[in-house]
Amino acid sequence: MANRLYWLLPLALLSACQNEPKYTQYYNEGQQLYEKHCSNCHQSEGTGLGLVYPPLVNADYMDAHADEVLCLIRYGRKGPLTVNGKEYNQPMPGVPLLTDLEVAEVATYIYNTFGHERGIQDVKEVGEQLKRCEK
Amino acid sequence: MKKSVKEMSSKWVKIGAIAVLVFAFACGGKEARLPIFGERVVQGTDTVYHQIAPFSFVDQDSSVVTNATFAGKIYVADFFFTTCRTICPKMKTQMKRVYDATAELPDFLILSHTIDPEYDTVGLLRDFAKRLGVESKRWHFVTGVKDSIYRIAQTSYFATAMEDKTEPDGFIHSGAFLLIDKAGHIRGKYDGTLKEDVDRMLIDIKRLRKEYGE
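Just so you know, the sequences run in chain order A and B. For the first sequence, this note's numbering gives the first residue as 4, with consecutive numbering after it. For the second sequence, this note's numbering gives the first residue as 909, with consecutive numbering after it.
No lab work stands behind these hints, which were simulated from the structure alone. Treat the hints with care, as some may be off.
[To be verified] Here's a subset of chain B near chain A, in silico, CB distances under 10 Å, partners left out:
no.: 1; residue: Asp1035
no.: 2; residue: Lys1038
no.: 3; residue: Leu1040
For every residue, glycine included, the Cβ atom is placed at its ideal position computed from N, Cα and C.
Please build the complete structure, drawing on both the sequences and the hints.
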């Protein structure tokens, strides 16, 4: 047990320290990718549009489906989904050209903006999850 | 001597003030009229301006929408499709802003044409409008015969709209908003993806309404 806690310490320190260069780089790159690929619909401020495009601001869906969010960034999504109690049903095209790193950067940006504070979304874990996506 | 200088200068101030007023009135009045786009033909003493051709489409309520729908109305037209991921979402965000800003204007309507009528059926447009939270009596989303939509886009509104399989979404189209007056003349063209340009359009709508004494 003590052994396990020992391993958690550097991890905790890492996530607490968000001003490290790697985080900043992920975040800034992610912001540019978000503006290019996502903001047309979800808006620069993450507010979405009516019941057509869901918001990212304080979106409970992002917390409840973090793994799926990574998949839909690359592969898109069809069918109804509920965000903060409202139902949306506009097909979202994915951006299949995004590399694992770019998906991680977009995720880092959206999960540390719009009322979310999840810290860096590292390319290693993101890459592992992307392998598990249903395409 | 001192007094006369004062009188003189006050006289000049008066003349100056009148000149400024006349200038402001004459030029201000001229400036307030928006241009009329397109070719014009002079027939004797009359000038015939380019006008939106007759059209007939169906909107999200399955109602037939023609030029008569816009009789006595100022309207803004655009071309889009619901599955477009490039410029249309920006255009729709801006048009929603126009819709909200013109809520109190009884003589103003919006006309959005789909350029993908095979996919964007009446039912789909109804759903889209509902999700956008807009009323069909103020904002018509129309579908129809594809060629008719493309033709009116290109020849009446001077807007680009055509299929192109090499494009990411399969279509080429402009993000233009066209401001049409009560006589069917184009009075302004704006980039519907740019907030600043749409702000300019909102000002021009007010200017155009003034021409009608509104």
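Q. Is the interface hint for Lys1038/B satisfied, with its Cβ closer than 10 Å to some Cβ of chain A?
A. Holds, about 8 Å.
(Q) Does Leu1040/B hold up as a contact with chain A if the rule is Cβ-Cβ below 10 Å? (A) 4 Å, holds
Q) Can the hint on Asp1035/B be confirmed by a CB-to-CB distance to chain A that is less than 10 Å? A) Given a least distance of 8 Å, the restraint on Asp1035/B holds.
Checked against the numbered hints above, the structure violates none of them.
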